[in-house]
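Engineer: The primary structure of each chain is shown beneath.
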Amino acid sequence: MAISYSEMNDIVLEPLRVPRRLYFVVVSGLAALVCWAAFCWLYQIERGLGVAGINHPAGWGVYITSFVFWVGIAHSGTLISAILYLVRSRWRTAVSRSAEAMTVFAVMTAGLFPLIHLGRVWVVFFLLPYPSERQLWPNFVSPLVWDVVAVSTYFTVSAIFWYVGLWPDLASARDRSVRLLGADHPRTKFYRYLALGWSGSGNEWRHHGRGFLFFAALATPLVVSVHSVVSWDFAMGLLPGWHTTIFAPYFVAGAIHSGLAMVLTLMVPMRRLLKLERVLSIDQFESVAQTMIVTTLIVGYAYLIEPFIAWYSGDIFEQQFAWWRATGSWTWGLIYWSLFLFNVLIPLSFLFRKVRRNLVVLFIVSILVNVGMWLERLLIITGSLSHDFLPHNWGHYFPTWVEFSILTGSFAWFLFWFFAFSRLFPTIALSDLKADAERDEPPRPKIKRARTCIQSVRKATSGVAAVFRSADALMEAVRNAREAGYERIETYSPHRLIGAEQLLGRGSSPVRYWCLIGAVSGLTAGFGLAIYAAVLNNLIVGAKPPVALIPYCVIGFEGTVLLGTIANLLGLLFHARLGPPKPPRWYDERFSVDRFGLFVGCTPERVASAKEVIASTAPEEVHVVE
Amino acid sequence: MSSSEPIMASSGQRSLRGPAVWSVVLILGLGGWIGALIVGDPHRAWRALLINFLYFTPLASGMVTWSAVIMAARGAAMEPMKRSGLIGVAFAPVSLVMFVALWFGRSYWAGWMHYEGLSQGFWLDDTFVFARDGIALVILWALAAIFVSRLRRGRPKVLAAWLAFTYCAVFSLVAFDLVMALDPLWFSTLFGGYFFISGMYIAISAWTISAIFQRPPADEEHRRDFGKLIVAFSLLTTYMMFSQLIPIWYGNLPHEVRFVVPRLRLSPWRWFSLFLVLTVYLGPLVLLLGRRWKGSIPYLTAIAMLVLVGMWVERWWLVTPTLSDRVTLGLTELSITAASLAALILCAGTFSRRMPPEFPEEGRES
Numbered sequence: 001m002a003i004s005y006s007e008m009n010d011i012v013l014e015p016l017r018v019p020r021r022l023y024f025v026v027v028s029g030l031a032a033l034v035c036w037a038a039f040c041w042l043y044q045i046e047r048g049l050g051v052a053g054i055n056h057p058a059g060w061g062v063y064i065t066s067f068v069f070w071v072g073i074a075h076s077g078t079l080i081s082a083i084l085y086l087v088r089s090r091w092r093t094a095v096s097r098s099a100e101a102m103t104v105f106a107v108m109t110a111g112l113f114p115l116i117h118l119g120r121v122w123v124v125f126f127l128l129p130y131p132s133e134r135q136l137w138p139n140f141v142s143p144l145v146w147d148v149v150a151v152s153t154y155f156t157v158s159a160i161f162w163y164v165g166l167w168p169d170l171a172s173a174r175d176r177s178v179r180l181l182g183a184d185h186p187r188t189k190f191y192r193y194l195a196l197g198w199s200g201s202g203n204e205w206r207h208h209g210r211g212f213l214f215f216a217a218l219a220t221p222l223v224v225s226v227h228s229v230v231s232w233d234f235a236m237g238l239l240p241g242w243h244t245t246i247f248a249p250y251f252v253a254g255a256i257h258s259g260l261a262m263v264l265t266l267m268v269p270m271r272r273l274l275k276l277e278r279v280l281s282i283d284q285f286e287s288v289a290q291t292m293i294v295t296t297l298i299v300g301y302a303y304l305i306e307p308f309i310a311w312y313s314g315d316i317f318e319q320q321f322a323w324w325r326a327t328g329s330w331t332w333g334l335i336y337w338s339l340f341l342f343n344v345l346i347p348l349s350f351l352f353r354k355v356r357r358n359l360v361v362l363f364i365v366s367i368l369v370n371v372g373m374w375l376e377r378l379l380i381i382t383g384s385l386s387h388d389f390l391p392h393n394w395g396h397y398f399p400t401w402v403e404f405s406i407l408t409g410s411f412a413w414f415l416f417w418f419f420a421f422s423r424l425f426p427t428i429a430l431s432d433l434k435a436d437a438e439r440d441e442p443p444r445p446k447i448k449r450a451r452t453c454i455q456s457v458r459k460a461t462s463g464v465a466a467v468f469r470s471a472d473a474l475m476e477a478v479r480n481a482r483e484a485g486y487e488r489i490e491t492y493s494p495h496r497l498i499g500a501e502q503l504l505g506r507g508s509s510p511v512r513y514w515c516l517i518g519a520v521s522g523l524t525a526g527f528g529l530a531i532y533a534a535v536l537n538n539l540i541v542g543a544k545p546p547v548a549l550i551p552y553c554v555i556g557f558e559g560t561v562l563l564g565t566i567a568n569l570l571g572l573l574f575h576a577r578l579g580p581p582k583p584p585r586w587y588d589e590r591f592s593v594d595r596f597g598l599f600v601g602c603t604p605e606r607v608a609s610a611k612e613v614i615a616s617t618a619p620e621e622v623h624v625v626e
Numbered sequence: 627m628s629s630s631e632p633i634m635a636s637s638g639q640r641s642l643r644g645p646a647v648w649s650v651v652l653i654l655g656l657g658g659w660i661g662a663l664i665v666g667d668p669h670r671a672w673r674a675l676l677i678n679f680l681y682f683t684p685l686a687s688g689m690v691t692w693s694a695v696i697m698a699a700r701g702a703a704m705e706p707m708k709r710s711g712l713i714g715v716a717f718a719p720v721s722l723v724m725f726v727a728l729w730f731g732r733s734y735w736a737g738w739m740h741y742e743g744l745s746q747g748f749w750l751d752d753t754f755v756f757a758r759d760g761i762a763l764v765i766l767w768a769l770a771a772i773f774v775s776r777l778r779r780g781r782p783k784v785l786a787a788w789l790a791f792t793y794c795a796v797f798s799l800v801a802f803d804l805v806m807a808l809d810p811l812w813f814s815t816l817f818g819g820y821f822f823i824s825g826m827y828i829a830i831s832a833w834t835i836s837a838i839f840q841r842p843p844a845d846e847e848h849r850r851d852f853g854k855l856i857v858a859f860s861l862l863t864t865y866m867m868f869s870q871l872i873p874i875w876y877g878n879l880p881h882e883v884r885f886v887v888p889r890l891r892l893s894p895w896r897w898f899s900l901f902l903v904l905t906v907y908l909g910p911l912v913l914l915l916g917r918r919w920k921g922s923i924p925y926l927t928a929i930a931m932l933v934l935v936g937m938w939v940e941r942w943w944l945v946t947p948t949l950s951d952r953v954t955l956g957l958t959e960l961s962i963t964a965a966s967l968a969a970l971i972l973c974a975g976t977f978s979r980r981m982p983p984e985f986p987e988e989g990r991e992s
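Protein sequence lines correspond, in order, to chains Z and A.
Each residue of the first sequence is one higher than the last, beginning at 1 in my numbering.
Each residue of the second sequence is one higher than the last, beginning at 627 in my numbering.
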């Protein structure tokens, strides 16, 4: 049964009410775990890294494993949202918002681990890449510097991408809060400031639609680049098991695999707890499971190719390492073979439709996949370090209670933020749901774009505002107003109306130029920064030339995406005139629910005739604005 | 149309306009290649056949696979275009004949045969290599043929997924056996992945041209979608190549850089590498940036052609520096290329006339 726009608002925004006591108990428990982990970190800072199990030869352990794991979890959020947006996939709508939030929180979690692993966290600024004016040399050939650049870019872009997508829904939350709690309630103020005065005007939708497309286009290759860069932390080393060309796509596929599993882990219970059954159907979960079949096959392909090429290469170090990993000791052997079970064989059960549509099974499989993917990272990272070229250098690694506590704390930290998100922000993209419902209606005849473009209503001091029940009635009124010669017209709607934009003669958004200029500047700046730092120091490291263009492609690429995204955001804010927290005075709160609005700006003398023109299209209400 | 009705008649393609011309091209091309084989350099002639096998087989089977991928991924928007991709299946016999022919000339091109005491042992026994690759190719083409045939009765989604999976597996194997093993001392775990992704890139470009030349031609929306897919796969192919390059560049190990150094450092190969960067790796991203550009028939056709030519050069670039110190690009290569192209067009044209004007349940999926 079709759900009305108003019901959609109720279902999605209802969880934003003050939660029950149990919620606070759970959140307090998570906060306690986070505090315990923070205490352990302080203990480690005070006593030194010796309290962790990392020691020669395994200098990287649970912390770096967890860093890679959480960066991986962060992947599918942007993947689901950006790639599926680009390919116009319908199942994106219900899961994209939570997945994007998951991305942001997972990157926040991942970002803590390099700090924890540093030991001397107060010198963290050594990691930041900047020209070496203080005798610190940011080596742009080093994958560790790429990591800092890539992960910070990813966090920035993901946060912007998530926040921009939220604007229309924050406005819905604001309007609902005004109705239920009053205009001066702190919650209303919270949404009001975050919504940046979003009113759902045609102008805002036009720039938002275009800008969001560019965010998606920039975020998609970024998703791929970030985990590739993380994989190169290892692949650039010469250790057996690390130095292999397949690592980049293998890590990316693994990241998406674990990220999709985490989407299931979070959304299966969330659907029930927040009573989202009517907007979050089993079909959407099935689509996630089907996508996981693809990632399973890629991960399985990599699992098979690695030992095959180790054998094919004839390299005794690679061969002995591959053999040791599979059979060397019962712990590593158990981990190695469990990867096939957890990451390949169990998710392949999604080939069966019954499994894909059973939420309990999906939930269990998703947890097993995440366990498997964490173990995979542990095996890759500490396995190669523990068993390198020289037998007398071989060693063991086992985490201590400090590492286990911090690992547990990281899950609590991540869930803490996700719990907070689920009660503070709409967890489903409400405006996208409405746009999807609109697409399900019989298509309207294609509307040709008007030759002349209307003028902005920003400077209008008087006019007529009307409320309509349907988009068709609104468009009829727009047509009449234009035919009557009115030039200051604006529409308001709960989702984008391309037809109204055509009637108003609006062309493509100029946001694209901002994005292009930002991207080109970022590319230039990325290469420029790396080359400048290299020329300044003029050092040869690892037999590489001081200026090495091949690795600088990474910096150039990240710069392109970062500045392209920031410029896109600025262009979007500028052209959509967003920022002031209050929408225009003729705005009606129902415009973010299920009503469509029209404002015709005119001189006081023409108000009466404008009212007449609009009244002929049977609006629900007509108001004179003076 | 119901499944019981005869499947025949109306041609959806107009590529058959000049079958006579293409037949002449086929004969001349084949004649030229046989001539080069007899009176010219047989090493070069067999190498040219290998290059064209590595180019046209992923292209033709990839066109069918693309249709399968679109179906498996529920890409409703591209569904009406699938007919123009399915014609690739007609190339199956030619592909298999080329493969069998390569067996006869293996001593001229199979690099691994000239090494002794290789660590790969039985794996690079030439009979075993050809047996497994031959079986793999037969399975791939058989699946493609069954897929096309089943389409006449419904929507074989499971088969579509299997076909896509098989394509990746088969061309990984072909890449390891017929390209990587040309220099058995060089290895790369990513090479199989690179090869099948770049194969899909060649195929999407060919499918674009096929869709533009079908009757009625692809509309503007579909042309834009093709343009986007070309850009996406150019980026993906570039990513795979870069992901392979950077650990090799970084590690700087002798057994790894033996693939990279001739191609990036030595003249004239390095100029061909630059050509590839500009045409097939990063070119489409810039050349298809504009929304309107992607929708323009002449422009999109030109870019797809550019990619097809560029990717042929890429296949040549993958094979030749391993087997020869000299740049060998002339009539020998062009003759067998022309013959393969003519064979593809003739087969596809003949097949397209036998396809039903409409598949059952076409466009039903949303």
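It cannot be assumed that every hint is accurate.
As the list claims (entries may be wrong) - With a straight-line Cα cutoff of 25 Å, these simulated SDA-like cross-link-like pairs (lysine to any residue) come out:
1. Z:Lys-354 / Z:Lys-448
2. A:Lys-783 / Z:Leu-348
3. Z:Lys-446 / A:Arg-850
4. Z:Lys-446 / Z:Ser-386
5. A:Lys-854 / Z:Val-18
6. Z:Lys-544 / A:Pro-880
7. Z:Lys-448 / A:Glu-846
8. A:Lys-783 / Z:Lys-448
9. A:Lys-854 / A:Ser-745
10. Z:Lys-354 / Z:Lys-544
11. Z:Lys-189 / Z:Phe-425
Said to hold, decoys possible - Some chain A residues near chain Z, calculated using beta-carbon distances under 10 Å:
12. Ala-703
13. Phe-868
14. Val-939
It should be emphasised that the hints constitute simulated quantities derived from the structure, not laboratory data.
Where a beta carbon is used, it is the ideal one built from N, C-alpha and C, also for glycine.
Engineer: Could you run down the list of hints and mark each one as holding or not?
Structural biologist: For each hint, the structure was consulted:
In summary, the hint linking Z:Lys-354 to Z:Lys-448 is not supported, as the alpha carbons are separated by about 47 Å, beyond the 25 Å threshold. For the hint pairing A:Lys-783 with Z:Leu-348, the CA-to-CA distance comes to about 17 Å; that is within 25 Å, so the pair holds. For the suggested pair Z:Lys-446 and A:Arg-850, the alpha carbons sit about 18 Å apart, so the restraint of at most 25 Å is met. About 65 Å separates the Cα atoms of Z:Lys-446 and Z:Ser-386, which puts this hinted pair outside 25 Å; it is violated.
The straight-line distance between the Cα atoms of A:Lys-854 and Z:Val-18 is roughly 45 Å, outside the 25 Å bound, and the hint therefore fails. Pair hint Z:Lys-544 plus A:Pro-880 holds up; C-alpha atoms about 15 Å apart against a cutoff of 25 Å. A threshold of 25 Å between alpha carbons decides the hint, and for Z:Lys-448 with A:Glu-846 the separation of about 16 Å falls inside it, so the pair holds. About 38 Å separates the Cα atoms of A:Lys-783 and Z:Lys-448, which puts this hinted pair outside 25 Å; it is violated.
Using a Cα cut-off of 25 Å, the hinted pair A:Lys-854 and A:Ser-745 is violated, with the two alpha carbons roughly 44 Å apart. This hinted pair does not check out: Z:Lys-354 and Z:Lys-544 have alpha carbons roughly 55 Å apart, beyond 25 Å. Straight-line distance between C-alpha atoms of Z:Lys-189 and Z:Phe-425 comes to about 14 Å, which keeps the hinted pair within the 25 Å bound. Contact between A:Ala-703 and chain Z, as hinted, is supported at the beta carbon level, the nearest pair being about 7 Å apart and thus within 10 Å.
A least Cβ separation of about 7 Å between A:Phe-868 and chain Z falls short of the 10 Å threshold, and the interface hint therefore holds. Violation of the interface hint for A:Val-939 is found here, the shortest Cβ-Cβ separation to chain Z being roughly 21 Å, above the 10 Å cut-off.
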